[in-house]
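Those sequence lines, one after another, are chains A and B.
Here my numbering is used: the first sequence runs in plain steps of one and ends on residue 302.
Here my numbering is used: the second sequence runs in plain steps of one and ends on residue 415.
Each hint should be verified, as a subset may be incorrect.
[What the hints assert, rightly or not] Calculated cross-link-like contacts (lysine to any residue; reagent style SDA-like; alpha-carbon spacing at most 25 Å): (1) A:LYS119 / B:PHE279; (2) B:LYS76 / A:LYS119; (3) A:LYS190 / A:ASP255; (4) A:LYS291 / B:LYS361; (5) A:LYS265 / A:GLN293; (6) A:LYS265 / A:ASN282; (7) A:LYS35 / B:LEU265; (8) A:LYS38 / B:THR41; (9) A:LYS118 / B:LYS86; (10) A:LYS118 / B:LYS76; (11) B:LYS285 / A:SER43; (12) A:LYS291 / B:THR41; (13) A:LYS291 / B:SER288; (14) A:LYS291 / B:ILE60; (15) B:LYS65 / A:GLN293; (16) A:LYS119 / B:TYR245; (17) B:LYS65 / A:GLN115.
Keep in mind the hints are simulated off the structure, nothing from the lab.
Note that the structure is a prediction, hence the values are computed from the model and not measured.
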Amino acid sequence: MKGEKYLNPSRIPSIWCPGCGNGIILHAVLATLEDLNIKQEDLILVSGIGCSSRSPTYTIFDNIHTLHGRAIPIATAIKLVQPGKKVIVMTGDGDSMAIGGNHIIHAARRNIDISVIIFNNSIYGMTGGQFSPMTPSGKKATTAHLGNIEEPFDTMKLLKGAGANYLARIGTYYYSQMMKYMKTAFTHNGFSAVEVIAQCPVYYGRMNQYPTPYDLLMWQKDNLVFKTQFEKMAEHEIIGKMEIGEFVNENRPSFLEKRQAQLERMIQK
Amino acid sequence: MPNDIWQGAEACAKGAMKAGLTYFAGYPITPSTEIAEMLSIYLTEKGKIYKQMEQEKDHVRNVIMPKVLQRVFMQMEDEIASIVSIVGASMAGAKAMTATSGPGFSLMQEGIGYACMVEAPIVICNVMRGGPSTGDPTKGSQGDVMQTKWGTHGDHGMIVICPDSVEEMYYMTIKAFNLAERFRNPVILLTDETITHMREKVEIDPNAEIEIIDRLQPTILPNIPYLPYGTFKDEVAIIGSLGSGLGTSITGMIHREDGFQSPNFKIGSPLIRRLVNKIEKHSSDLFEVEVINGEAENLVITYGITSRTVKSILDSNYKNVGLIRLKTLFPFHDETIQKLTKNAKHVFVAELNLGQIYLEAQRAIGHRIPVTLISKVGGQLITPDEMIKHLEGSIS
């Protein structure tokens, strides 16, 4: 299996529930890394707290499982101290968009050279199913019995406004497309992020009439709409749909590039 | 020895550079901002580059620039990002520090506990200002003493050192880095607004040789598994830096020898005990004091800026008063205090809070002799006259 050589067998099985989407995303990350011919010493994986943040700990790469919400500033520091290494953050929707929301927008604004994989399962899984800033409005959670009255973030719009260099959103249903976006993200300069919609059948699904992983994947099939098609749809048709695809693909100078250029200017004066 | 006039913040920044600082992250906050401002200049060696560019272009390009590129100054989005980023930098091999004050120090507490758990050598300079909350940003205080030791949740070891002069700020900053590297633990340089902002004479030769301690690196042997949290020197883990490609695994959870989380009593109990013990067992050496008139009947225990008040009255008129100045606040070593106060008739604890080290001293001394608190809060230092009044009132 592609990417398998990067798994640490002494740490398997994972803590994830049967049917969880996190394994699909981790697999896509590792397979992409194999396609890119990444060696153990080329990469540092960083994560926060939550189900998805356990991902790096199952690999053979140098990895750091940090505090809830704080993966991104830690990854920023690691990239600056080890600029020759690739730094990838694996984080969840609560970790990156609620408690770590401030950090992710500032990392995008700095255009710091890290890639962030956002595992968006629309719920706090580790703590047992509370609504997150990515839970769709109206959906139920253990802390939203009558349905969530808040609106979720649109991560792509948020991070685009903040200044990210590469942004894409996809779902676990579209495996090969997910790998394609990850490949672009991992090789892009500056800040890149790929948001992956993942199924959480045990909490999100069970509370919202999608009792099996299959139901949630079918929801993705029916409701995740690629950009080109989404843009052609009428306003009433897009209700409940989610736009997927590449949202930003820019080549603005990254933090490290600007820093190097600034220091070079200093000696040329 | 060259004489100069430095500011406390300047002494801290220069000491950090001397100790080998390579990564600073911080967030503007009064009264610690000057440390960040100065380090933003020192870390890029702006002055040196400009000065040398005229004659030694090649030297700048080939020697100074590569060094500068390995050094990082970051102004982060808040103090939480600052503390965790220095932990990340440190685990990736940097010598890292931050500087902050009251509210920022409160925000950093979770990150400090994380650093204890993953054994990250970091230095935190906390410049105490009036609290609680926003308090009085521009006035001195000593209200954060217990927070340095107990601010983060869970049992953990902590080293807290406290300078009482600008010159000592320089040497203690270097010492803070050395202790952090030796024990792989956060070290808090606890100072206050007055020491940090005041300018006074220093006799420091910045080029003098001084001992610099660096953390140990793991030895990788064939056929022997690399265990970042299973190989120790004096109970301190020997952990490879992130980026060395050894497969170092780090977590703030209870972890096995290979760094993988394992919520298991048989692993958690010895781990927590080791994290505390690796520091506590050295408390008699780590607990440093300065003693003046140690044989006097009346002894004042104090630290930081308040010891300057006591020193100013220790002249011929006050032969019956002695000083025990704590250079280390934690680990607190009861036996040292017991020994030093053995023959005293009355012990005073002077501090700019409502009794924090007072409780430590009282516990160490017991009910053998009276222990009296001399305290002042609200933004003023204890003046020499007030100190004399307090002492005379109790001594007579």
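Now for the hints, and whether the structure bears them out:
1. A:LYS119 / B:PHE279: At roughly 22 Å apart (the allowed maximum being 25 Å), B:PHE279 and A:LYS119 satisfy the hint.
2. B:LYS76 / A:LYS119: With a Cα-Cα distance of about 32 Å, the restraint between B:LYS76 and A:LYS119 is violated, given a limit of 25 Å.
3. A:LYS190 / A:ASP255: The hint holds at about 22 Å.
4. A:LYS291 / B:LYS361: 62 Å, violated
5. A:LYS265 / A:GLN293: 43 Å, violated
6. A:LYS265 / A:ASN282: Roughly 21 Å separates the two Cα atoms, so the pair holds.
7. A:LYS35 / B:LEU265: Roughly 22 Å between the alpha carbons, so the hint for A:LYS35 and B:LEU265 holds.
8. A:LYS38 / B:THR41: 35 Å, violated
9. A:LYS118 / B:LYS86: Satisfied, since the Cα-Cα distance of roughly 18 Å is no more than 25 Å.
10. A:LYS118 / B:LYS76: 30 Å, violated
11. B:LYS285 / A:SER43: 19 Å, holds
12. A:LYS291 / B:THR41: At roughly 19 Å apart (the allowed maximum being 25 Å), B:THR41 and A:LYS291 satisfy the hint.
13. A:LYS291 / B:SER288: 47 Å, violated
14. A:LYS291 / B:ILE60: 17 Å, holds
15. B:LYS65 / A:GLN293: 14 Å, holds
16. A:LYS119 / B:TYR245: 22 Å, holds
17. B:LYS65 / A:GLN115: Cα-Cα ~22 Å, so holds.
Hint compliance for this structure: hints 2, 4, 5, 8, 10 and 13 are broken, all remaining hints hold.
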